[in-house]
Amino acid sequence: MLKEGYVRIPSGCAISGIIDRTGRLFSGQSITDSIATMHDRSNGLGGGFAAYGIYPDFKDYFAFHVFYDDLIAKQETENILKANYIVALEEKIPTRKTAHIKNAPLIYRYFAIPKPEKLKLSELDENEFTIKFVFNINSNIPGAYVFSSGKNMGVFKAVGYPEDVANFYKLESYKGYMWLAHGRFPTNTPGWWGGAHPFNLLNISVVHNGELSSYDTNRKYLEEFGYICTLQTDTEVAAYIFDLLLRRHGLPIELACKVVASPLWKQVERMSPKEKILYTNLKIIYGRALLNGPFSMIIAYEDGFVAINDRIKLRPLTAAKKGDMIYVASEESAIRQVCKNPESVWIPRGGEPVIAELIRDNEKEMYSTKEVTA
Amino acid sequence: MSLSYLTPEFKVLRDYDKCINCKVCMRQCSFEVHSYDEHLDKMISNDMNCVNCQRCVVLCPTQALTIIKHPQTFKEHANWTYDAIRDIYRQAETGGVLLSSMGNDRPYPVYWDKIVINASQVTNPSIDPLREPMELRVYIGRKPDKIEIDENLNVKTKMPPQLKLETPIMFSAMSYGSISYNAHAALARAAEELGILYNTGEGGLHKDFRKYGKNTIVQVASGRFGVDREYLNTAAAIEIKIGQGAKPGIGGHLPGEKVSEDISATRMIPPGSDAISPAPHHDIYSIEDLAQLIYSLKEATDYQKPVGVKIAAVNNVAAIASGIARAGADYIAIDGFRGGTGAAPKRIRDNVGIPIEFAIAAVDARLRSEGIRHTISLVAAGSIRNSADIVKAIALGADAVYIATAALIALGCHMCQKCHTGKCNWGIATQDPNLVKRLNPEIGYKRLVNLVQAWSHEIKEMLGGMGINDIESLKGNRLMLRGIGMTQKELDILGILAAGE
Amino acid sequence: MKKVYVKEEVCVGCRLCEVYCITSHSKYKDVLKAYKLETQRPTPRIVIEENKPVSFSLQCRHCDDAPCVKSCITGAMQKDPLTGVVTCDTDKCVGCWTCVLVCEFGAIIRDVNNKVASKCDLCAEAGEPACVKNCPNEALVYSEGGISV
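Residue numbers (the working numbering), protein chains in the order written: chain A, 1 to 374; chain B, 1 to 501; chain C, 1 to 149.
Hints were generated in silico from the structure; no laboratory data involved.
Among the hints, erroneous ones may be present.
Unchecked claim - Residues from chain B that face chain C, not an exhaustive set, calculated with beta carbons under 10 Å: (1) D17; (2) I20; (3) C22; (4) Q54; (5) P271; (6) R368; (7) I372; (8) P433; (9) P441.
Unchecked claim - Label pairs and their computed distance ranges (CB to CB): (10) A:L124 - B:I117: 35 to 43 Å; (11) B:D302 - A:R360: 41 to 49 Å; (12) A:E126 - B:K489: 39 to 47 Å; (13) B:S286 - A:E126: 40 to 48 Å; (14) A:A104 - B:G485: 40 to 48 Å.
Even for Gly, the Cβ is constructed at its ideal location relative to N, Cα and C.
This is chain A alone, in the form it adopts within the complex (with noise of 0.2 Å):
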């Protein structure tokens, strides 16, 4: 059978994500008992995790989560990597042994900078550079792949049910303000780690419960933009275009969300004419970046998360609010089980997102609560 990325496997999951807005760290119990408590969504065939603020200490380098098949991928990939980055730490990655996960690949982690004169060469900026980096390894070092990339966060997966994963990789000991998590019902059995969710590129990770019928365009309208899409997975794509809106076109996160789940032209006419202009913009000019078919997804970046859904709402969603603590999950149970009396709970409308951030001064407002239901 194709490995993934060869081939397009659907899959069905269950998603929870968790975010303290204070900052304040907690460990990996909560998100691991949250998504545990949705064990019949997933098959056992992908679990994982996204940990941001576990790495303090090395918070300015970019760290490099990597799977190896053997130990010729691995000196490949470390050649690359040397080459361009001062690498202040590698290590593997500390596992337990347990029943349930088999077949383990070798699993690295490296905390770099990229080395100035290597930069200065490309004349790209560190993330750009780095993006380049991962795409290479990705796509042209057969048994490599890197599966976590952002700075001061990381990303933990395998091939089995959610909460084996967080027992494998130890993930009680790790500290985080901000957590994802992702169990996998994918309707085959391609046994292969990287396929795992959550999917990640710099500080961008995403986890997905859908089937996107628009995949295709996406991933067409992406590779205009030099993104090389290897795995051929849902997530990744929707990944990207967060990363293209975000980083490279620069739109607020709000807006972002109005472009994968954009209002229909009836509601668009609607409008106020300032509104008017701008979503009759976003439509035109990203037509081919919105995220069709069903989804909820939790995408997150270093300030906090969006959860969203597909803009009819084919899949769910709730969440949860208590104090500063965010809760965002497939079914209130994931949440309840870590919060026992949230103040609120609500289940979005399809295209309207949840965004959760770390306090800042200035608040955004004007879009989170804007209705965009049909």
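Chain A is fixed; fit chains B and C onto it per the hints.
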């Protein structure tokens, strides 16, 4: 005159038990097939003249008429076919180029029919367009790479002019001259009602139709007929016609006898003079000349209107399209080798050009590889026969399609391929006032509206089946297609997988 | 009152109106039978004017102050005070053709077989005039107050 070796192509079968001698058939046939014989007290038919347009069949009040392919055959020969032999007789008699009309009728593979469409099952819910929103609106024009906004969310991007289509279908170019005034009236009115556009073709814009300007694309072709400042500024968009799928590489010729007072005024040429469109534009011998014309037209219209370029699908179409995109066109229309025509040399119609399916796939892939696909619009033309063809064209990479033959069929065309004779019995491809009045624009526009609405409904159903609720998400979505009965090479060019993969 | 109007610009001159007028006033009310079985087919009640490319069918205008009614010597020609329809009672008509002479439109036809005046009765029995119903190009319109061109 010596004996003609040609025998009738069709045979009129008249059921005399049903014929009431009402002479409706006789009055309706512009080819003078039917007549009344006093001595016999019977209607009789001259099969030799029959073109099988079926006007008489449809109007006969007692269904007494049937037209069949004439049973007369030659000795069977796989190489020297009926058409091959008859074409030689014709040319030996006349010494002329064989003329024909409408699109290529040879049995080349129709690739649309080798492509099937996906639908959702279990992992992805299909969407019912009767209950859920479904968006078909598209914008044709040049798109910026990204949106620019200030801190107060004011849009700073200067959006180039766009054509808004409520459904991704436009009526393709057909000139006044090649088709009748009433046909134009029906097309223009239908375009307005549907929120789409029709295209004047190269024959100018009749003053009566200026009121439909916002639904009109005007053409600037090699003959420059009817082009002046008012013409350009009346329209919603301007299209430079380089070529046509039915006759790539050659021009056009409207004989002087068809240039009536009205057509002369519309084309801005003297009445009775031949209207000749040269094969190339004599001010465009290279791509940089095209860029000059594009910008001349933009200057003339103050950069308020999209300027598109229409080309025939030929071998090197991808590279040509890329050049057009870089020359500043807002959209590119590509016309496949099955595209229709009011008159074309038969050999060219049947042998020059490539199928639109390959052309669209190749152009889309080329523009994507250059990273400029999202900046320009692509319109596919050249035999779109139904809504499924449209879905496939858009999934292969088009933004919208042009339909012309289908529109004419909706108006009554029976595909007899005799447009070039000017005797169209359905009042479409004729300037004969006796025949033009047979096309009632009041009826015609409703039939066009019905057709496009029916197709739009079907497109919505197919989109819903795929789990898509916006036509934008179908553009270039080739994973939604699979091929049947094609070689690997053909699949690769189309960029689709085989069924089962 | 509702009358038959013609859009001559889309009249195709096929004369199907005539065929169906005859049928409508025939015994069998069927095209084939009317033409094949009836030894004496009804005279059409419409006149077709043709000077190519112009053509149109002409039928009684059912005038308010109808000269045919005024001039009828037997009282056969009557205007219904309620519907406004002008009809000819063929039992009373003696075929003097005075009506044919006075009609300003030339819309009354001599039925020479029966020696009576023949004119449009708007297919009173059928509800809608057969010519309108069967016009292939909607050139004939049955409407109140005419047509806008």
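Cross-check of the supplied hints:
1. D17: This hint holds: D17 (chain B) lies near chain C, its Cβ roughly 8 Å from the closest one there, short of 10 Å.
2. I20: holds, 4 Å
3. C22: holds, 5 Å
4. Q54: violated, 13 Å
5. P271: violated, 18 Å
6. R368: Hint on R368 (chain B): violated, closest Cβ of chain C at ~49 Å, above 10 Å.
7. I372: At about 49 Å, which exceeds the 10 Å cut-off, the nearest Cβ of chain C leaves the hint on I372 (chain B) violated.
8. P433: holds, 4 Å
9. P441: This hint holds: P441 (chain B) lies near chain C, its Cβ roughly 8 Å from the closest one there, short of 10 Å.
10. A:L124 - B:I117: 35 to 43 Å: holds, 41 Å
11. B:D302 - A:R360: 41 to 49 Å: holds, 46 Å
12. A:E126 - B:K489: 39 to 47 Å: holds, 43 Å
13. B:S286 - A:E126: 40 to 48 Å: Holds - the Cβ-Cβ distance for S286 (chain B) and E126 (chain A), about 44 Å, lies within 40 to 48 Å.
14. A:A104 - B:G485: 40 to 48 Å: holds, 45 Å
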